[in-house]
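Asker: Sequence:
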Amino acid sequence: MFARNQKLGLVVTGLLGFAGISPLFAELPGLSEKEWLGHFVGFQNKKVRFGITTQGKATIKILGEDSEPLNQRLAIPVEFLVEEVMPDGKITAKSIKPETLESAQPATNKPENMVIRGKVTGDASFEAFVNEDRGVISLGGRLLDRGNLTRNPVRFLLRLKFPNAYPSAKTDGDKDKEKELKDKMKNDRLQLTWSDGKRVKQAVDKAVDAGSQEINGPGIAAMQVEFTTYDEKKLEIIASENSSMRLSNTQSAPLNEGFMLTWMVDPAKDPEGKARLSFEVK
Numbered sequence: 011m012f013a014r015n016q017k018l019g020l021v022v023t024g025l026l027g028f029a030g031i032s033p034l035f036a037e038l039p040g041l042s043e044k045e046w047l048g049h050f051v052g053f054q055n056k057k058v059r060f061g062i063t064t065q066g067k068a069t070i071k072i073l074g075e076d077s078e079p080l081n082q083r084l085a086i087p088v089e090f091l092v093e094e095v096m097p098d099g100k101i102t103a104k105s106i107k108p109e110t111l112e113s114a115q116p117a118t119n120k121p122e123n124m125v126i127r128g129k130v131t132g133d134a135s136f137e138a139f140v141n142e143d144r145g146v147i148s149l150g151g152r153l154l155d156r157g158n159l160t161r162n163p164v165r166f167l168l169r170l171k172f173p174n175a176y177p178s179a180k181t182d183g184d185k186d187k188e189k190e191l192k193d194k195m196k197n198d199r200l201q202l203t204w205s206d207g208k209r210v211k212q213a214v215d216k217a218v219d220a221g222s223q224e225i226n227g228p229g230i231a232a233m234q235v236e237f238t239t240y241d242e243k244k245l246e247i248i249a250s251e252n253s254s255m256r257l258s259n260t261q262s263a264p265l266n267e268g269f270m271l272t273w274m275v276d277p278a279k280d281p282e283g284k285a286r287l288s289f290e291v292k
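What the sequence shown shows, in the numbering used here, is residues 11 to 292, in sequence order.
Bear in mind the hints are in silico, worked out from the structure with no lab data behind them.
Errors might be hidden in some of the hints.
Quick list of simulated restraints, FRET-style, between CB atoms [stated by the list, open to error]:
#	residue 1	residue 2	range
1	G268	N55	23 to 31 Å
2	T69	A103	40 to 48 Å
3	P177	P116	17 to 25 Å
Using 27 Å as the maximum straight-line C-alpha spacing, the simulated BS3-like pairs for lysine-lysine come out as follows [stated by the list, open to error]:
#	residue 1	residue 2
4	K189	K67
5	K100	K171
6	K211	K100
7	K67	K56
8	K279	K71
9	K292	K196
10	K120	K57
11	K216	K67
12	K244	K171
13	K216	K56
14	K71	K196
15	K279	K244
These numbers come from a predicted model, not from an experiment.
All residues carry an ideal CB built from backbone N, CA and C; glycine is no exception.
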């Protein structure tokens with residue numbers, strides 16, 4: 011019986027291929043390399059490691075001189091999200107259903123025009139895009155169907171969560187340690203380019219409301235992040251045409267203590283989901 015079913019599966023796959031239709035994998039397949047077990051996408055060069063697990067969770071890790079990730083607590087999670095905007099303005103994030111994730115492409119270390127499809131709670135369906143070209147990783151996505159989320163506006167977005175840049179720093183009131191920490195922070199920089207072309211150098215060691223108009227302006231088109239703990243490397247992030255980025259934090263605090271970056275698309279201007287969020291570690 012098993013042999014007959016296996017043959018039937020091969021015949022169906024062959025027919026799909028003959029018809030020009032790529033069979034989708036149920037749930038995302040995983041890579042076989044030890045360091046990438048549990049990952050659907052795993053890319054690494056000398057400066058960055060980027061992976062997407064079979065559960066749809068993505069992470070950016072900046073690498074040190076030994077090509078190993080810096081402090082694991084510096085890893086930057088990347089979320090593929092669908093949000094529902096309630097009438098009172100409250101936003102509800104819809105979680106990905108890992109069992110619905112699928113792709114017509116196999117797991118890979120060289121992501122090229124990858125497409126991942128899936129659903130979130132509320133049965134809204136989406137597709138996400140992943141591509142790597144000469145160390146530049148591009149991500150995107152769009153809603154395919156609203157599912158049961160028909161009463162309120164819904165949107166697809168990407169969110170990067172920057173952790174505390176100095177997770178191991180403890181001064182305990184010691185003035186010498188405090189001075190040493192301040193000296194380390196002198197070269198920290200956050201360079202923003204607004205969508206109107208204006209460039210803004212944002213202090214990272216002073217408490218701010220990251221979601222304010224003063225920081226985000228009309229929207230952020232590009233951002234360069236450079237912390238001493240990044241081992242003299244900088245992360246450059248760019249939003250393509252018809253998309254923009256905004257910063258936020260949960261409470262007024264210095265940006266080097268952590269913040270979020272949210273990338274959103276104007277679906278009216280980009281119905282086919284061609285806009286991208288691209289990043290590169292230099």
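Asker: Compare the structure with each hint and give your call.
Answerer: Now the hints, each set against the structure:
1. Taking 23 to 31 Å as the suggested C-beta distance range, the pair G268 and N55 conforms, at roughly 26 Å.
2. Taking 40 to 48 Å as the suggested C-beta distance range, the pair T69 and A103 does not conform, at roughly 18 Å.
3. Roughly 36 Å separates the CB atoms of P177 and P116, a value that falls outside the hinted 17 to 25 Å.
4. Between K189 and K67 the alpha-carbon distance is near 38 Å, which puts this suggested pair outside the 27 Å criterion.
5. Restraint check: the Cα-Cα separation between K100 and K171 comes to about 20 Å, which is no more than 27 Å; the hinted pair holds.
6. With a C-alpha separation of about 31 Å, the suggested pairing of K211 with K100 is violated against the 27 Å cut-off.
7. The hinted pair formed by K67 and K56 meets the criterion: a straight-line CA distance of about 22 Å does not exceed 27 Å.
8. A C-alpha spacing of about 32 Å is found between K279 and K71, which places the hinted pair above 27 Å, so the restraint is violated.
9. For the given pair, K292 sits about 19 Å from K196 by alpha-carbon distance, which is consistent with the 27 Å threshold.
10. With a C-alpha separation of about 16 Å, the suggested pair K120 and K57 falls inside the 27 Å cut-off, and the hint holds.
11. Proposed proximity of K216 and K67 is contradicted: the alpha carbons are some 31 Å apart, above 27 Å.
12. Only pairs whose Cα atoms come within 27 Å are accepted, and K244 paired with K171 is accepted, the gap being roughly 16 Å.
13. A hinted pair counts as satisfied when its Cα atoms are at most 27 Å apart, and K216 with K56 does not qualify at roughly 32 Å.
14. Pair hint K71 plus K196 holds up; C-alpha atoms about 23 Å apart against a cutoff of 27 Å.
15. Taken as a hint, the K279 and K244 pair is broken in the structure, with Cα atoms around 31 Å apart against an allowance of 27 Å.
Against the hints set out earlier in the document, violations occur for numbers 2, 3, 4, 6, 8, 11, 13, 15.
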